[in-house]
Amino acid sequence: MSEFQDRRTIQEIVLNAGTVAIVGLSASELRASNFVGYYLKRHGYRVLPVNPNEERVLGERAYSSLLDVPEHIDVVDVFRDPAAVPQIAREAVQVSAGALWLQFRVISPDGAQIALDGGLSVVMDRCLKVEHARLLGRMHWMGFDTGVIAGSRR
Amino acid sequence: MDEAPRDFGFNTRAVHAGQRPDPYTGASATPIYQTAGFVFEDTESASAYFNLQEYGNVYSRIMNPTVAAFEERLANLEGGVGAVAFASGLAAQAGLFFALLEPGDRIAVAKALYGGSTAQLNHLARKLQITVDWVDMDDPDGWRRAVAAETKALFAETIANPGGNVLDISLAAAVAHEVGAPLVVDNTFATPYLCRPLEFGADLIIHSATKFLVGNGTTIAGAVVDSGTFDWSNGRFPSIAEPSTAYHGLKFHETFGVYGLLMKLRSETLRDFGAVLAPFNAFLLLLGMESLAVRMDRHVANALTVAEWLRRQPGVEAVRHPALPDSPYRPLVERYLPAGAGSVFSFDLESGREGGRRFIEALSLWSHLANVGDTKSLVIHPASTTHRQLSDEELVASGVAPGTVRLSVGLEDVDDLVWDLERGLRAARGSAVTA
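Protein sequence lines correspond, in order, to chains A and B. One point on numbering: in this note's numbering, the residue at position 51 of the first sequence is 51, and numbering is uninterrupted. One point on numbering: in this note's numbering, the residue at position 298 of the second sequence is 1298, and numbering is uninterrupted.
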């Protein structure tokens, strides 16, 4: 699993991504996917909801599948049952997304391999919001270990 | 990205983790954010903070940037995902068990435990309708015999106070995980420099940061560190996995994943308990922790010299330093504490309770004081002080006899420490002869 939690890969995705398609983005404010979508929008990412059961989520038009998204996707961020991941990975490869990001407990070695073979970077069992907050944001205000060690001012 | 992130060493992290040069002023030391509240940028941000949708400073009873720097440094050194600081070690312990347990639950706890912790757990058991199953941590089958279907945590100290029992961390962790419960370890006496229990399977760490972490006896403080690896959604921890009434039905574990327990501990338990660490105390802790490794090496060396010297003195029996060659804990020390078994240990005077009194009264350099882990060398007679609230049975179970003396060996010149102890032993022997 640690091969899919590489700090350098995570850094590259968090720092360089612009558009994030969130597969399984819930309209309920109490769900983890909604927390993450809200946070990413707030921090300047373009959030593209992928959820066939919703018209709009977080004020953005929702798409039924990745194949319907009419623009380039930097990160496909997945909040679905692990069994759904291989198909999502195939679609992510088909639309030439930059990375497949599987959230906490979305663990699918098969899906990860499909994405890797298709040339995508892969992160598994990590939270995109947490990694953003760790590297760029305010997670250190909450007593979490960011792993940031620095004595210089930048 | 020109180079891979570096894995920094313990000393580097002890100096830097959790702290960054202040982005506004460039201040090199961590500023003491002596403020109760924090001004919100706008109404949208304010509601995002209160809904936990965004990490933001709200009120120093819940979080504070100086305290957060201490929390992150401790979490980093222990190898955890984060920490929540409390006003004391006992507040951290009460907070954690309050967050984990429901009425009717059981916890299995090592009998060899700090007397204040024993008293608190008995108190919690009475008030919260939980049951404490006391365990002989030296018995290889002790943990397995103590756990039941309702057991929600196993709890012990890395090095027990004051008996010096050393916990077989991997063994206790295996039993805990068989029953779907976390292993909680009080790592106060070892510090993350001498032992990192999370690396051996423990799930949660409690610290009294009052001791070696601050290092100089200036501050009462505590903390809980989480490994982030325990599965709180295993069906046994509804308070962490199920919807929280305090946050409109938020599920902490589902929403925050590996950070779920700590988010709950901070935004519910600490918020409601109010036993918060003061920013100035966190500042002192940050100063102390910078030199943790350097101090611990000296503490360990001084303590071992004193223990070996004591063993050779007439009138002294049962020197319980776990790193001594004939200690029953030597194999566990080699496995879990290769850099040293700390600097707090106890020994028994042949001359019993009266001898203990004369010994302490004759000392002039050592301080008679109810604390440990100070730069100064400290001595106490547990039967009449720290463990006074325990019954005779509990006293013996926690490794204390009437003539037991506990030492916390400081950073003075060890020859001076031995000089003073010799004066004490002479006085103690005198009492035995005349009695």
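Simulated from the structure, these hints should not be mistaken for lab results. Note that beta-carbon positions come from the ideal geometry of N, C-alpha and C, so glycine has one too. Check the hints yourself; a few may be wrong.
To be verified - Below 20 Å or equal to it, Euclidean Cα-Cα: the simulated SDA-like pairs (lysine to any residue) are:
(1) A:LYS41 / B:GLY1056
(2) A:LYS41 / B:GLN1034
(3) A:LYS41 / B:PHE1050
(4) B:LYS1251 / A:SER28
(5) A:LYS41 / B:GLU1041
(6) B:LYS1251 / A:GLY151
(7) B:LYS1251 / A:ASP125
(8) B:LYS1251 / B:GLY1235
(9) A:LYS41 / B:THR1043
As the list claims (entries may be wrong) - A short list of chain B residues far from chain A (calculated; beta carbon distances all over 12 Å):
(10) GLU1072
(11) GLU1078
(12) SER1088
(13) ASP1133
(14) GLY1142
(15) GLU1178
(16) ASP1416
We went through each hint and held it up to the structure:
1. A:LYS41 / B:GLY1056: Between LYS41 (chain A) and GLY1056 (chain B) the Cα gap is close to 16 Å, so the pair holds against 20 Å.
2. A:LYS41 / B:GLN1034: The hint is violated at about 32 Å.
3. A:LYS41 / B:PHE1050: holds (18 Å)
4. B:LYS1251 / A:SER28: holds (12 Å)
5. A:LYS41 / B:GLU1041: holds (17 Å)
6. B:LYS1251 / A:GLY151: violated (37 Å)
7. B:LYS1251 / A:ASP125: holds (18 Å)
8. B:LYS1251 / B:GLY1235: holds (13 Å)
9. A:LYS41 / B:THR1043: The hint holds at about 17 Å.
10. GLU1072: violated (5 Å)
11. GLU1078: Label violated. Min Cβ-Cβ 9 Å, cutoff 12 Å.
12. SER1088: Non-interface label on SER1088 (chain B) holds, nearest chain A Cβ at 17 Å vs cutoff 12 Å.
13. ASP1133: ASP1133 (chain B) clear of chain A: closest Cβ-Cβ about 31 Å, beyond 12 Å.
14. GLY1142: holds (33 Å)
15. GLU1178: Per Cβ check, GLU1178 (chain B) is outside 12 Å of chain A; nearest 22 Å; holds.
16. ASP1416: holds (37 Å)
Checked against the numbered hints listed earlier, the structure breaks hints 2, 6, 10, 11; every other hint is satisfied.
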